[in-house]
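Engineer: Okay, here's what each chain looks like letter by letter:
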Amino acid sequence: MWQEYAIILVRGIGLGSVYALIAMSFNIVKVSSGILNFAQGNMFVLGGMMAYGFVAFFGQPSLGVWILLIPVAAIVIAVLLTIQGYLTMLPLSYSDDQQSWLITTMAVSIIIGAILLLVQGPNALMVRSIFANIPVFGMRVPAPFLMAIGLALFWYVVLQWFLSKTLTGLAISALWQDPVAGRAAGLKVRRLQLLAFGISGLIVGSAGFVSAPIITLASDSAVAYVLNGFVALVIGGVASNTGALIAGPLVGVAAMLATFKLGGEFQGLVSMLILVTILLIRPEGIFGSTAARRV
Amino acid sequence: MNAKVSTSGDIAAAALAPSGRALPLLDRSARIQLVIGILILVVATIVPSALGQAYWIGIVNLAIIYVVASIFMGLLLVDAGQVSFGHGAVFGAAAYAVGIACGMHGLSFPVGIVFGVLAALVIGVLFALPALRVQWFYLGFVTLSAAMVFPQMLFAFNTLTNGINGISIPLPQLNAPILFGLSALSIMTLVLGIAAIATSAIFPKTLLGRRMRVASASPEAAQSLGISPGRMRFIAFMIASFGTGLAGVLYPPTVGFVSPNAFHLDMSILFFFAVIVGGKGQPLGTIAGVTLLYLLPNVFLAQLIEYRPLVYGTVAFLVMLLMPAGIVGGVVRWLTLRQKPQRMPALQFGHIVDSAQVSLPRPEGNAIEIKDVRKAFGSVVAINNVTLTVRRGEIHGLVGANGSGKTSLLNVLNGFSASDAGTVKVNGRDVTSLRAREVAKLGVGRTFQTPRIFEQLSAWDNVQIGLDAKLSSNPTLVSEHFVGSLRDILGPLRTESIPHGQRRLLEVIRVILTDADILLLDEPAAGLSPEERLAFAALLRDLRDKLGLTIIFVEHDLDLVARVADRVTVLESGTVIASGDVASVWNDPKVKPLFVSVRHA
Amino acid sequence: MLEISGLCAGYGKLPVLRDVSFSAAAGEIVLIAGENGAGKTTLLQTIGGLIKPTAGSVRFMGQDVTGAIPEDLVPRGLRLVLDGHRVFPELSVFDNIRLGALASKTDKGAFDAAVDQIFEVFPILKQKARDKARSLSGGQQQMLTLSQAFVAQPKVLLCDEPSLGLAIALMPPIMEFLRSWAKNGTAVVIVEQHVDLALAVADRAMLMQRGSIAFNGTAEEFRAGPVQTGQ
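Protein chains in written order, with my numbering: chain F, 28 to 322; chain D, -6 to 594; chain W, 541 to 771.
Keep in mind that the hints are not guaranteed to be accurate.
Said to hold, decoys possible - Beta-carbon label-pair distances, calculated as ranges:
no., chain 1, residue 1, chain 2, residue 2, range
1, F, T195, D, A188, 52 to 58 Å
2, F, Q126, D, T469, 38 to 44 Å
3, D, N359, F, K192, 57 to 63 Å
4, W, A595, D, P492, 16 to 22 Å
5, F, Y113, W, S675, 32 to 38 Å
Note that these hints are calculated values from the structure, not bench results.
Idealized CB from N, CA, C, for every residue including glycine.
Given the sequences, and given the hints that come with them, work out the whole structure.
Structural biologist: Below you can see the structure in the form of structure tokens.
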């Protein structure tokens, strides 16, 4: 009995770390440009697809190659996201309508999903982990669950350092607090925002690659990751990476519990109910200071 | 249709002001779009039926149903400012309710319609509740997740819904031709389509539509006019769900079948994109959007079904990059850019009150009593223990440097921000804990430092929202002649052509027309020329003497203050440093050094 | 140092600035006075690169910089300080100051010296260096925004209403700071409603009315009363 809960807990935290990573990648774009990039979910899936693609063409990689491939996947996705960020911000510089990003990021997400559908059809892809299952509490847990946790911790530490200790990171985290003051201070606003898009790509690219064996790699699976990442973001509080790191696993465990106890079709419902509840009770999230509420 | 609408509009307008020329209900662009839109719907419905092309009848009917759903989603987005990515769930709930009622339980279609609309309204209520709390993309994500969960629930409750097998709904009698070769279904679809497009054109011009747009553009301004933004949102969700529900109930007979896979997130996204791609707020917009995103890909890519999402993602993306106002919106904007710039004639206030109107005796008592009020934002203290009394029927000047707390004081006074300590009374009634909307309804009208003139409303509608609101039981004393001549000036004017200085004056006129008996005016004279200032001073005196109003106004021009104010209060960094009649305040040694400066300006 | 000629600008189709010309020399403090809505803020923002001019030119150190954006102007030494003591509220006081030096690429030595100078003039900022900027009072935030500009070591400082929202008693040290700043060769253009406060430190003064310069002269001439040239 307790073993079942232990499995739920470990897998939930592992999957939740993926949500935490997506939430952190939302955060860095959000604090620099106010944009919540909907396409992040499909970029994440693309990262996982790269793991699949490599195995399909070259066979299972050795450990050394696999480790080298993580930054490759991260950088490819980062480049894609930087291009997307550039296109997304184009209309923002000449149009009065500052909400166009809501549509363009969603459109990009749909385009990526559509291309994936054309290239590999409607079925989900399976990626086999190169690692053996790891014993935890006497059970065997697929290694990627644990590696997702490690990756979330890694990016958390890197982001906290970058955003608070380096001048560039400081500027990125300051931009959307007062964009006009940022411009007046001579900050290279667009370039910093593009950098933030790129960094968000490093995060989701590496996350997708590392967690490929435990996530659903399909043309239509991205929305679920976007939503769960968003739920983690809202619970943790927008702009708070600490919040995201804690909230992600909470969402993951809740989703696992729902899957095991109620059935997979209720997982989305549970996430939605968590989202609505937190927005109704504490819109600014647990660690956030800026409220979602606008009256 | 169009002619009838205009006439009823004429009557309504004429009833307000016998002296002025009546305005047409719809502007030219909306009128033309409405006519074209109805023609398109009629032709598209009749031609395939006349030719007996079953494929085309089906696809056109479905396209019109989607147009209807998109129009109501657009109403939610444009008129009420609510982002819903989950409108497909509202539509799907209605369709499934019909499926369950008619397909599984054999009830008649009219009964199915009732169930369908009710189901849509239930989902609408579920969407409206978070909308009272959160806005913008947060709301978008909540509704998006609802749209994602909806088909999962259809699977989960398969005993109720038949799960993955779906429900077939054979309603052959609806598809049989009954009139000019048109089936009952085609007729219903056409009528609903015409009603929807007419609604999208006319709704912004109704009282409710105007209020909704104000609430969406500026919740503060809405509250100051006694409008509840929350109620407006709720009503918007109800209207949108009702309309979408009607569209949804026509889906099962058109397609003959409902299954969970038909109501995926894609449908919600289609509705949303149709509005954006076509052009927000353009009656023809959704027709253009659905044609481009649904109809054309379906006809030309019928064999290449898997390319459709690619087409519509790409179309939406390119339109946003190249024509941010949407296709129809872009055309309309291009046409307006070619119009000549307009000049607004100067406003004349001489006739605001009938000349026959005798001066009222000045009312007794205090209009406003502020006691020990304090307000801090974080560690910045905006108002520091202010005590201030304004007598009824007086003009009270509020002066002080920028940032000295004048606007913050007005905000506490009319309920926009809750004070940290102290009490505020209006006409003897304690309003400290009341909300802005409730304070407004006690007869307190106000204007804003940055004028709240809304480009979402026509020039005249910007003033009419004042007439719409009735903030006190005072009889309307503003002359009909004045209102009529104002309508003549503003009727043909585009809102963006109103110069900044005049915007403040229009906002002042707006609150006067609410019949409020206390006016809070925030820098009403900024940007006026010396001559206009003289006229404005005369207006303020008329409002006091002939309408018996109490006026508090924030002003930097001390000459203007000296000319009209009965009493003055001087603020400095949140504290009252002097208050009393103009002469004594001006000579106060504490005040003098503050204003040597401003006199130069 | 700074020469403005025939500058016009506006929002959309509504013109705000009409044919504004003036200049500011190194070490000089120029006051721009005028009522709300006269175009003072628009003028500063147009020079500072936030608003694109529709006509006219801005020359800075002999070079034409018309239409250049702040990220080009700040490294060259032209820095605008917005009104309303705008800081990055969620960053610490010291991080706010550090960010000021990012665009100008001030070297470490100059930055440290500038920070020492700031902490000497505004000791409260040293005390609160690790606190979030939103916990500062309005006056302290104004000190912080000026400090943020100071570490960039600009040659021209455009300062929009430093007194906005502040008690007048807080202003003399801030004005004094600007004066000492100018003494080191910076041209300071300041928009200020408390003309007396600003005149105490200004060398020259201008009056703006409805988008144009209605008076331009020395501080003494201005004090004597430009009113006759006005309304």
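Engineer: Take the hints in turn and mark each one as holding or not.
Structural biologist: Hint-by-hint comparison with the structure:
1. F:T195 x D:A188: 52 to 58 Å: Between T195 (chain F) and A188 (chain D), where Cβ atoms are some 56 Å apart, the hint holds.
2. F:Q126 x D:T469: 38 to 44 Å: holds (39 Å)
3. D:N359 x F:K192: 57 to 63 Å: 58 Å Cβ-Cβ, so the 57 to 63 Å window holds.
4. W:A595 x D:P492: 16 to 22 Å: 20 Å Cβ-Cβ, so the 16 to 22 Å window holds.
5. F:Y113 x W:S675: 32 to 38 Å: holds (37 Å)
Checked against the numbered hints given earlier, this structure breaks none of them.
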